[in-house]
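Taken in order, these protein sequences are the chains called A and B.
Read in order, the letters of the first sequence correspond to residues 1 to 332 in this note's numbering.
Read in order, the letters of the second sequence correspond to residues 1 to 332 in this note's numbering.
Take these hints with a grain of salt, some might be off.
As the list claims (entries may be wrong) - Quick list of simulated restraints, FRET-style, between CB atoms:
id : chain 1 : residue 1 : chain 2 : residue 2 : range
1  : A       : I332      : B       : R328      : 48 to 58 Å
2  : B       : D183      : A       : N58       : 33 to 43 Å
3  : A       : G90       : B       : R284      : 28 to 38 Å
As the list claims (entries may be wrong) - Selected chain B positions facing chain A (Cβ under 10 Å, derived; list incomplete):
id : residue
4  : N152
5  : I169
6  : P229
7  : A323
It should be emphasised that the hints constitute simulated quantities derived from the structure, not laboratory data.
Predicted, not measured: the structure shown is a model, and the values here were computed from it.
We put the beta carbon where it would ideally sit given N, CA and C, even for glycine.
2 protein chains.
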Amino acid sequence: MPELRKDPITSRWVIISTERGKRPSDFFPEPERKKGGFCPFCPGNEGKTPPEILVYRNDGGQPNSPGWNLRVVPNKFPALQIEGDLNRQGDGVYDKMNGIGAHEVVIETPNHDETLSTMPENKVEEVLWAFRDRILDLKKDPRFRYILVFKNHGEAAGASLEHPHSQLIATPIIPKRVREEVDGAKDYYDYKERCVYCDIVRQEQSHEGRLITENQDFISIAPFASRFPFETWILPKIHDPFFEDAQKHEYINLSRILKEILMRMDKVLSRPAYNFIIHNSPLREADVPTYHWHLELMPKLTRVAGFEWGSGFYINPTPPEEAAHFMREAKI
Amino acid sequence: MPELRKDPITSRWVIISTERGKRPSDFFPEPERKKGGFCPFCPGNEGKTPPEILVYRNDGGQPNSPGWNLRVVPNKFPALQIEGDLNRQGDGVYDKMNGIGAHEVVIETPNHDETLSTMPENKVEEVLWAFRDRILDLKKDPRFRYILVFKNHGEAAGASLEHPHSQLIATPIIPKRVREEVDGAKDYYDYKERCVYCDIVRQEQSHEGRLITENQDFISIAPFASRFPFETWILPKIHDPFFEDAQKHEYINLSRILKEILMRMDKVLSRPAYNFIIHNSPLREADVPTYHWHLELMPKLTRVAGFEWGSGFYINPTPPEEAAHFMREAKI
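With the hints as constraints, model all of the structure from the sequences given.
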């Protein structure tokens, strides 16, 4: 059973993943991903993943058999475990609980060599619908306080399999970074009686220096205080706390802008490894109308080193105005 | 002039380093470090660094000439710039100021191929004295609120030069991660009337499961809520807010335990890349007797991916009790 442990100084939680338990020799040489080797996510290999939780298919075929467009399966090596009680307990100065949660994999397409930037917009849209459907289902479990949707693309960004996939992790705790954003947005709202993200959307639309692209429902910017070179945010133009409550036209327009941004990034940065995360409102908060969901995309171009670990301060060698310029000018 | 920018949601500051200004083509292919190539930190090449700020030498020779044991020089590509005013200003929803600060490099030894784990203890001790001397000098500048000492060892940990060196960055803002620790320690003190680090030292000494080694003045542990595999902390046994106020015997014992820990880590993990940072009390706080300085050491074994970036939650595949066991048992 994985364990959730709290740092007694900063209240930062970590997941001690006993199931994955790595010994010193597991870290080197770094495991190689074989190009063209066996892929558990390819059609025909459905038996190599746990049984599917959700499937999109047009052919009326059997579950866990080829013919699907998209599958969601439990992660075979989950960071958190679905069965059990939280069982919170103290040990002197320390606090811990069982590592309860959900860890799911969205297999985005049957085609091993596609990516979100090369697949058609309507397939990107299906991935977004899968995020929504899984969030709505996981929300029913009263043990969970947060659901994080994220994607690791490319080995340098932490992807251990090449086949296009993204992930959801449901946690029994609201993660620190989300807490900071939710609290920050609430403080701003209490002071100004406006949403800070709405204010950012308005300011970036009128200045244009950091604006990359926009459509009817979304705006994409290089954020003012970008931590990383070419960090890119996609924000809904209309205030909305919950990703899963979006209108159909919003998923269509999100798939369009996400695909476009990834195509621009592929062009400017030669198909970089990247991470993206969807920051959504926490579950079961009394009322958080002040938060504004959004997507944060970070190509993996630099290394995080001692100064960043020690300070939480980031050094970004590319001004966001320059990054936005290159992204806007890319011929796609 | 580098710029300090504040994220309007989380109040996280970033350094936008205009001097280092990287264009897309600068990120790939990744710059290669040539083994055996020209080294600006080796004796005879003193002219390739800015003039030294501090030097330890026994031979009575000229400044910036060979014969030194240790040199401190300004970083040739500083993240922050020493000259100028802070010039705080707003721009709509955003806040920024000039990137004022100090960025110095401690060239730890004239020997290119030595490391802190292979050099004699008294040379490690000299490095600690250099940290102290520079902190005491930088403290005099009223613009600075914090001085972070850190080391990036090995390319995977972000070191751009091979020659043994560590760094100091003085910032006009108290970094977020330090603020969290200082505030956390104060909250604990207000509640319990004890220092949380002192309580950790006592608890780890009596349990031994996470204790790696100790001497008269210091204890080394795999922390309960380790973020990374083989994360290791070195804590003074006696409560002390300021690194630079330590007694002579403490620098001697710190050099001993630091060298020992690095030797153990070299043995267990085959000379890994690593980062260490010294977390010290902020400057010019009214009174922070509740903080307890310490050193945090993190070998670079895993990749930080989307879940960690999105949540601030870490997944650690090696329980600290196992890491401590391997570190204790290493034959050095």
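Original post:
Which hint numbers doesn't this structure obey?
Top reply: 2
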